[in-house]
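Participant: In order, the protein sequences belong to chains A and B.
Mapping the first sequence onto my numbering, position 242 (from 1) lands on 242, and the numbers just tick up by one.
Mapping the second sequence onto my numbering, position 60 (from 1) lands on 60, and the numbers just tick up by one.
The hints are simulated quantities; they were obtained by calculation from the structure and are not laboratory data.
As the structure is a prediction and not an experimental result, all values here were calculated from the model.
Built from N, CA and C at the ideal position, the CB exists for glycine as well.
Only true hints are included.
Computed spacing ranges between beta-carbons, pair by pair:
id, chain 1, residue 1, chain 2, residue 2, range
1, B, Glu-305, A, Arg-170, 51 to 61 Å
2, A, Val-12, B, Glu-273, 43 to 53 Å
3, A, Arg-76, B, Glu-18, 16 to 26 Å
4, A, Asp-199, B, Lys-189, 45 to 55 Å
5, B, Val-12, A, Lys-6, 28 to 38 Å
There are 2 protein chains.
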Amino acid sequence: MRTWEKNVRTVVPYTPGEQPKFVDVIKLNTNENPYPPSPKVKECLEKMNTEAFRLYPEPACDTLVDALAETYHMDRDEIFVGVGSDDVLAMCFLTFFNSGKPVFFPDITYSFYDVWADVFRIPYECQPLDKDFRIVKEDYYRENGGVVFPNPNAPTGILMELSEIEDIIRHNQDVVVIIDEAYVDFGGKSALELVHKYDNVLVVQTFSKSRSMAGMRIGYAFGSKVLIKYLNDVKYSFNSYTMNRPALELGKAALADPAYFEECCGKIIATRERVKKELSRLGFSFGDSMANFLFVTHERISARELFEALKIKKIFVRYFNKPRIDNYLRITIGTDEEMDQLLAFLKKYIQEN
Amino acid sequence: MRTWEKNVRTVVPYTPGEQPKFVDVIKLNTNENPYPPSPKVKECLEKMNTEAFRLYPEPACDTLVDALAETYHMDRDEIFVGVGSDDVLAMCFLTFFNSGKPVFFPDITYSFYDVWADVFRIPYECQPLDKDFRIVKEDYYRENGGVVFPNPNAPTGILMELSEIEDIIRHNQDVVVIIDEAYVDFGGKSALELVHKYDNVLVVQTFSKSRSMAGMRIGYAFGSKVLIKYLNDVKYSFNSYTMNRPALELGKAALADPAYFEECCGKIIATRERVKKELSRLGFSFGDSMANFLFVTHERISARELFEALKIKKIFVRYFNKPRIDNYLRITIGTDEEMDQLLAFLKKYIQEN
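Put together the whole structure using the sequences plus the hints.
Facilitator: Given below as structure tokens:
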């Protein structure tokens, strides 16, 4: 090892789901939306002026922030935007979790939380979900350096009641509490109203799932003005201009089509509920997911075996080789046609094995 | 102050140049390129498929990395890309400057270096430029935690010879040395060849200046495979997908038009050299800038006065209220027409005052 290597911040990075390059796959492994973005996004792209690309984008991202303010009835000073909700959450960890006390999050949750904690040298403590994969709210009542959890939780899909979330917030008035709502539009209830009641609460959402724009990298957070100010100060200390011009403009265009947004979410919810029934019949069990994925385990055949068998058939789902969940598959809800192909394969495989 | 506020990472953020919203301004304050991006960028945008936006972009940014590899005759494992060179440099600070010893950079330089050092709690020590605003290479021969400087330097525009840069590198084999080449395409010589000779050297460049794509946020770094691997590990611990689909595709399109790139750089260099002569005649003095801006001081009229007078005429230049440079203006090289309007105003103002 060379001397300079001793000064390197070494980390174990997050492993994203595979992004296979060939086209004839059924891709149910990274919770993308099976439907394209709103036609308004296409219209906006067609009108986009490339000459303006020579100029920096708006540092305060006004175009997008104003559109979010209008859509969600918030003040523009209560909104922070970033390069996907991962960027938003990374900035939150960097900004708010500096007490030296451990940050609390569930043991089974979005697997980026411990990665951010590690990269920023933030201590953390995982709170185990109960046997039904539910968050035990009392575990979060002890002294800590901050709280973060997704609602619905990932990869379980299980939704927590707003009243329970408020209980956690009430017991954590001295730290920042982050509610990661990447999947809330598929049947959950947002904690947005709590942002007005508690100045230490951040609600984080994304365009990657319900708005079909994972490829555009747009995430955002709602919080009190004082929280958002701190977040922006750190953002401006990292990169003045994070959102490029197409992200700002196309993000705004997507928000301008609420009917399409609701239609897509409705279709995914309908498909999810149908698939739940079909998978039950095939011997799978799972929690009552309110997200655009299911987290399933089979009564007889191991998750790893199914994962490998599906992959050979070019059906990609997500398998986590981690304690407590190594016999589960996370399956994104695709189109009805994609799900029918998945179900047909599973039915045949289970009969034959 | 609420208790949770005590845990906030407080910072003094970088202040970017103003981005005025009205259109009839002459904008010479943020070193943007006055010419639009290559027509190939427009063609690429017109062909872009918005349906693909529903899918995450390539985590390893292959499209863009491969195009950079081809353009610069590098191996793809020697290239890192980010959301503008600010993102690349921020990641470099976070990854490589962890020794606890002070990082060295010039006292007059890109004013984001001390901001990154502060946000990541990295100690630093500024090395004064000499009276002609030149880097004194011997100042960098002492023990340190890393070295970073722009070449040409900003906001002075002064270029350092490659042999001098190599002297600094030779004396700093135990730390990472970063050469920030945001402005190198306007007449400088890149240190790219030194990347193959020294495994601790990073060369950082951007699409924001010479490729007319500040609004797209694309930056990149060249370095040894081991350096790039460390950088990517930290990047993947921050945000798996930093570059959105348009950035990857349009960046590649811009690289596919070297003739246009050289033409634009040539025009800016020609304008710069002409403006140097005209400004000399008006009583301005300045170093021999090799960037797309000039850093000028007038023999009689204060920089602040000129800055304010120009602003009233909707000509925006950059003024830094900082020690040693508070009587200087940084003026971006615009089109010939824009520079003629600037020169006409300055001539009249100087005659009348």
